[in-house]
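Take a look at the letters that make up each chain.
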Amino acid sequence: MTNKHKIQASVYHLFVCVLGLMMIYPVLWMVSGSLKNNAEILNGGMNLIPPQWRFSNFFTGYQGFGGITFQTFFSNSFFVASVSTLATVLSSSCVAYAFSRVSFKGRNIWFMSMICTMMLPSQIILVPQYIIYNKLGLVGTYLPLILPHFFGQAFFIYQMMQFGSGIPKDLDEAAIIDGCSKYSIFTRIFLPLLKPSIVTTIIIQFYWKWDDFMSPMIYLSKPRMYTASVAIKNFADSTSTTDYGAMFAMSTLSLIPVFLIFLFFNRYLVEGISGSGIKG
Amino acid sequence: MNELKTNWKKILYHNNTVGYIFSFPFLFGFFAFTLIPVLVSVYYSMTNYKLGQSPVFIGLENYRNLFSDDRFLNSVKVTLIYVITSVPSKLIFALFIAYLLTQKHSGVTFYRSLYYVPSLIGGSIAVALVWKTIFSRKGLANTILASFGVPKLSWLGEPHLAMGILVLMSVWQFGSSMIIFAAGLKEISPTYYEAAEIDGANKWQRFTAITLPCLSPIILYNLIMQTITAFMAFTQAFVITQGGPNDSTNFYALYVYNHAFKWSNMGYASAMSWVMLALISIITFLLFKTSKFWVFTEADQ
Amino acid sequence: MKIKKLTALFLSGLMTLSIAGCSGSKPAASAETVSKDTGKQITLRMAWWGSQTRHDATNKVIELYESQNPNVHIEAEFYDFDSYFTKLDTLVAADDVWDIFQLGGNFPKYIKNIEPLDGYIKDGVINTSDTTENFLATTKDNNGSQIGISIGTNTYGIAYDPELFQKAGLAEPDNDWTWDDWKKDCITIKEKLGIYGSSKIDHFIAGVTMRASQAKKDANFFKKTNDGIESEDPAPFADYLKMIKELTDDGAYPDAGAIKEIKDIEGDYLVTGDAAMTWVSSNQVSSIVHASGRNIKIAPVPRLTKNGPYGMGVQSSQQLCISSNSKAKEEAAKFINFFVNDIEANKILNGERGVPIMSKVREAVVSQADDSGKIIYDFVDKIGNFPKEDSNVISPDPKAEIEDQYKLLIEKVQYGDVTPEDAAKQLLDFSKSKFQH
Chain C
0 MTNKHKIQAS
10 VYHLFVCVLG
20 LMMIYPVLWM
30 VSGSLKNNAE
40 ILNGGMNLIP
50 PQWRFSNFFT
60 GYQGFGGITF
70 QTFFSNSFFV
80 ASVSTLATVL
90 SSSCVAYAFS
100 RVSFKGRNIW
110 FMSMICTMML
120 PSQIILVPQY
130 IIYNKLGLVG
140 TYLPLILPHF
150 FGQAFFIYQM
160 MQFGSGIPKD
170 LDEAAIIDGC
180 SKYSIFTRIF
190 LPLLKPSIVT
200 TIIIQFYWKW
210 DDFMSPMIYL
220 SKPRMYTASV
230 AIKNFADSTS
240 TTDYGAMFAM
250 STLSLIPVFL
260 IFLFFNRYLV
270 EGISGSGIKG
Chain D
0 MNELKTNWKK
10 ILYHNNTVGY
20 IFSFPFLFGF
30 FAFTLIPVLV
40 SVYYSMTNYK
50 LGQSPVFIGL
60 ENYRNLFSDD
70 RFLNSVKVTL
80 IYVITSVPSK
90 LIFALFIAYL
100 LTQKHSGVTF
110 YRSLYYVPSL
120 IGGSIAVALV
130 WKTIFSRKGL
140 ANTILASFGV
150 PKLSWLGEPH
160 LAMGILVLMS
170 VWQFGSSMII
180 FAAGLKEISP
190 TYYEAAEIDG
200 ANKWQRFTAI
210 TLPCLSPIIL
220 YNLIMQTITA
230 FMAFTQAFVI
240 TQGGPNDSTN
250 FYALYVYNHA
260 FKWSNMGYAS
270 AMSWVMLALI
280 SIITFLLFKT
290 SKFWVFTEAD
300 Q
Chain Z
0 MKIKKLTALF
10 LSGLMTLSIA
20 GCSGSKPAAS
30 AETVSKDTGK
40 QITLRMAWWG
50 SQTRHDATNK
60 VIELYESQNP
70 NVHIEAEFYD
80 FDSYFTKLDT
90 LVAADDVWDI
100 FQLGGNFPKY
110 IKNIEPLDGY
120 IKDGVINTSD
130 TTENFLATTK
140 DNNGSQIGIS
150 IGTNTYGIAY
160 DPELFQKAGL
170 AEPDNDWTWD
180 DWKKDCITIK
190 EKLGIYGSSK
200 IDHFIAGVTM
210 RASQAKKDAN
220 FFKKTNDGIE
230 SEDPAPFADY
240 LKMIKELTDD
250 GAYPDAGAIK
260 EIKDIEGDYL
270 VTGDAAMTWV
280 SSNQVSSIVH
290 ASGRNIKIAP
300 VPRLTKNGPY
310 GMGVQSSQQL
320 CISSNSKAKE
330 EAAKFINFFV
340 NDIEANKILN
350 GERGVPIMSK
360 VREAVVSQAD
370 DSGKIIYDFV
380 DKIGNFPKED
390 SNVISPDPKA
400 EIEDQYKLLI
410 EKVQYGDVTP
420 EDAAKQLLDF
430 SKSKFQH
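Residue numbers (numbering that gives the first Met the number 0), protein chains in the order written: chain C, 0 to 279; chain D, 0 to 300; chain Z, 0 to 436.
One thing to keep in mind: the hints can contain errors.
[Said to hold, decoys possible] Pairwise CB distance ranges, derived in the manner of DEER restraints:
hint, chain 1, residue 1, chain 2, residue 2, range
1, D, T108, Z, K111, 52 to 60 Å
2, C, V17, D, G199, 26 to 34 Å
3, Z, D370, C, Q70, 34 to 42 Å
4, C, H12, D, A31, 47 to 55 Å
5, D, L211, Z, E245, 54 to 62 Å
6, C, G66, Z, F80, 19 to 27 Å
7, C, F258, Z, S66, 39 to 47 Å
In short, the hints are calculated from the structure, not lab data. Backbone N, C-alpha and C fix where the C-beta goes; we use that ideal spot for every residue, glycine too.
Isolated chain C, as found in the complex:
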């Protein structure tokens, strides 16, 4: 390494670190809040170091409500988030393949309808949707939370389409000459080359479902089935007092699974999964 390179590298690291610390400061504040009591959180200003390390917040918070601990809430969240994520990846990649690689009649209309479904606020279709699930007898189960993901999700379908647009059409043609069908092109060419998009889908979708509050709150009824997001919101009742310490402690714990998922899959993004898969 030359001196010039060394200086460049140090500038890079310094810049990234300082900016990173600024970005992460509010998160650290929340984590430190998990070791404070209400007065220290509400009136303690921007102090990061708790005056007293109150680990008891974690114990009181973990106790949950009415004898149901956060172990139950976390595993419920994990179940809902994993199944939904898996379903999203499978269904969205199929639909993305159809929309981007197969020219069939009506394709543009369906694509436009799909994009338009994202433009209605969820609050508006919540009530009619609830009535449908209620008529089907599915309210009170996890199905209303999971089922929609088996039908693809516009955000990820479109993402996969855009990533797929980098895959040269020549590849498809070459494969057909080699005797591949449109079906095997999906598994042999489209899916393998879509890995970066699939990994980002997993990271983002898992977090979204983990964090989702509205649908679990509306569709679940038994507290034993609540997800962590609903349970954490339960700490903060606007008409009475909130145990902020316990809430921050559980919010901190709740960060861990999503962060681990991110760490785990991020490696594949850094290494570059498809490597030299695409040649122009």
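Use these hints to put chains D and Z onto chain C, whose structure you have.
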């Protein structure tokens, strides 16, 4: 027998068949769970519907009322301001960080996690508290300003500043855009850069001549998705400003929620959503149209 | 192929979890009525909003009831306030409301979904012999039918720090102080101590509903029939807005930004020492006392004129109602009777929802109260003994929307966009328009 088989095969491998088989999940979900609620909301939009009572058909009255509702017109205005300021800043920042963090340096994985964490805490009450504390009169933001000799500001009390806080927060939670950009950047073949380096192109030239064009489909994607998401912005305004002060952050989705649930005017809220759907789809359509001029697909390469 | 292995691992983890998850995912059984002699299970769905303390206590009471009535199973659901009402609205639209549910003063909005309790009171299923007609009236609709039974009563007041009053050279507020006194006190405190006179006030109660009843004896902002606006004269409302505007400009009352900074009753400016007074609901007093760690007292809300009407009595903070689509109404009524009358159950609930209306229950709860609890009971007693007035304690359907419009108007007045007089007129016009349908 053989003829039948080839006929069958012809049908099976026909583009229309393949297309509908692969898009079946979407179509099924669309017809079974999305279309009916959407049509119902069209009907609601033409009724006076209070939850718990039966809807009363009133034709287009809700739509007529909307255009004389100052709070609605104001909410459209502030939502547009929010979209126009937050989306480009967020995307530029996300692209910048993604570019920084795909450079070949040690510790890049670690850095990327560092930058992603803020996006993992969503719009929770914890975040609302943090932001209120940072921007309170005695908070961090004012302390920093004071050290530059700038007088204290009432961040949550000044309409423009309150909007600024929400824009800043949206930029701060740029993680998903960053990840998508990073994945896109990794897909650009290193051979392009090598060739350019041999040609003597500097970093900036390489960025504009290779990175941006190769990344353009992803940029379009992020632009469209973030624009739609920003139009739907609800949580931040709900937990931090509650639409205030003086309605300066009364985003359209928040106003819809208030009408639908808090004030139980479901019909009016539905009408509002449809007016906004028209506006959002026009903007999205225009973005798609412009993409012809700046988005490169593999065919152009 | 690392990814394949990982996916396999991920999948197998998923399978184990899905088994665990599915075991709890039986569809929610709706209430089934079965005649008693068959001895079959009866399931009741019940829901409330509140904090962790309330969730735990209420669940314990449910367990107690189930142990005494083995044939009854109660499925409880609990949420925070905002989520509770979003969910209730959805259930109302789907005609799927819980058998027993908690409501506040906004019950007229849900009147179609509530089963009146008069029959059950007459038959003695719900015993109301231990309370007064006044308390029962707080949860009756305008036709006089009993909509629910109050499970806690409260009232509003001004909490203040006597030491700060002394430092500012002020006398402590008495029982019939006026808004003019309050305003003068605020200005003096600002001058002498450099802090806000008062922290956040509930403007809609102080400046609109209670104000209407203070301006004229037995008058109300909302008609007692809850189908319109009784107030005609904007002057009393304009005066209030003018007072708030002057205090804000003076720095004696927090501006809109400073109000937004208050995160919670425990972060109130009275608690932090940045104000000498604040508006409280009586059931919040103990959290203020505990959070501040100082001596805090509570005074009645100021009146418009000395010896004039007070404008508000003791109200029901929450009530239990039975849903009209419940299939086990009688069983639900039995549970409500237990919830409001059982001494053991109320010792567990500990008056956290407000002061109980049944006198024996109340005695039991008072006897186990701590110092801050005693302040509450004394204060509620004091207000309860004020001369009786005919004030409307019910919030009609459009109240939420009118209240939010008023909050916006107050901000506009504070920013100087609208004059107090215009804002008061706009309030009346807007409110009237909300009843025209």
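Now the hints, each set against the structure:
1. D/T108 <-> Z/K111: 52 to 60 Å: holds, 58 Å
2. C/V17 <-> D/G199: 26 to 34 Å: holds, 33 Å
3. Z/D370 <-> C/Q70: 34 to 42 Å: holds, 38 Å
4. C/H12 <-> D/A31: 47 to 55 Å: With Cβ atoms ~53 Å apart, the hint holds.
5. D/L211 <-> Z/E245: 54 to 62 Å: Given a distance of about 57 Å, which is inside 54 to 62 Å, the answer is holds.
6. C/G66 <-> Z/F80: 19 to 27 Å: holds, 22 Å
7. C/F258 <-> Z/S66: 39 to 47 Å: holds, 43 Å
Hint check: no violations occur; every hint is consistent with the structure.
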